[in-house]
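Quick note, the working numbering runs 22 ahead of the 1-based positions in the sequence shown.
Be aware that one or more of the hints could be misleading.
[Claimed, not checked] List time: in silico DSSO-like cross-link candidates among lysine-lysine, alpha-carbon distance up to 30 Å: (1) K39 x K71; (2) K45 x K96; (3) K34 x K77.
[Unchecked claim] What follows is a list of derived Cβ distance ranges for each label pair: (4) R98 x V40: 39 to 45 Å; (5) I23 x Q78: 17 to 23 Å; (6) L113 x K34: 42 to 48 Å; (7) E58 x M100: 33 to 39 Å; (8) E104 x K79: 18 to 24 Å.
What the hints contain is simulated information worked out from the structure, not anything from laboratory work.
Since the model is a prediction, treat every value here as computed from it, not as a measurement.
All C-beta atoms, glycine included, are put in the ideal place defined by N, C-alpha and C.
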Amino acid sequence: IHNKLRRERKGKGRLVKVGYRIKREWRGLHPSGFREVLIHNLDELHKAKEMAEAKQKEGDFGIAVRIASGVGAKKREMLVAEAERLGLKVLNP
């Protein structure tokens, strides 16, 4: 049995090697440059805002919120409006 990935055949994906990672401070960031926070309700949204303010004082990246998939349309609409009022970026409005 021959492992095509191990033998680095074209079209079979890249083999992870030493030096493949990115800078530690960039890991876990959304491509837009924000740190992602998953929220389900208003309390979590307000905690994300507090966290964003704390990170801003440290000179860290901004915070972007992602609304959980289980949140219904009515609550989602309310969360998007509140996030807009707080000045937070919503990744999936």
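How the hints compare with the structure:
1. A threshold of 30 Å between alpha carbons decides the hint, and for K39 with K71 the separation of about 38 Å lies outside it, so the pair is violated.
2. For the hint linking K45 to K96, the alpha-carbon distance of about 39 Å lies beyond 30 Å, and the restraint is violated.
3. Straight-line distance between C-alpha atoms of K34 and K77 comes to about 40 Å, which puts the hinted pair past the 30 Å bound.
4. For the hinted restraint 39 to 45 Å between R98 and V40, the CB-CB distance of approximately 43 Å keeps it satisfied.
5. Between I23 and Q78 the beta carbon distance is about 53 Å. The supplied range of 17 to 23 Å is therefore violated.
6. Separated by about 32 Å at the C-beta atoms, L113 and K34 break the suggested range of 42 to 48 Å.
7. Against the hinted window of 33 to 39 Å, the Cβ-Cβ separation of E58 and M100 comes to about 20 Å, which falls outside the hint.
8. The given range of 18 to 24 Å is respected by E104 and K79, whose C-beta atoms sit roughly 22 Å from each other.
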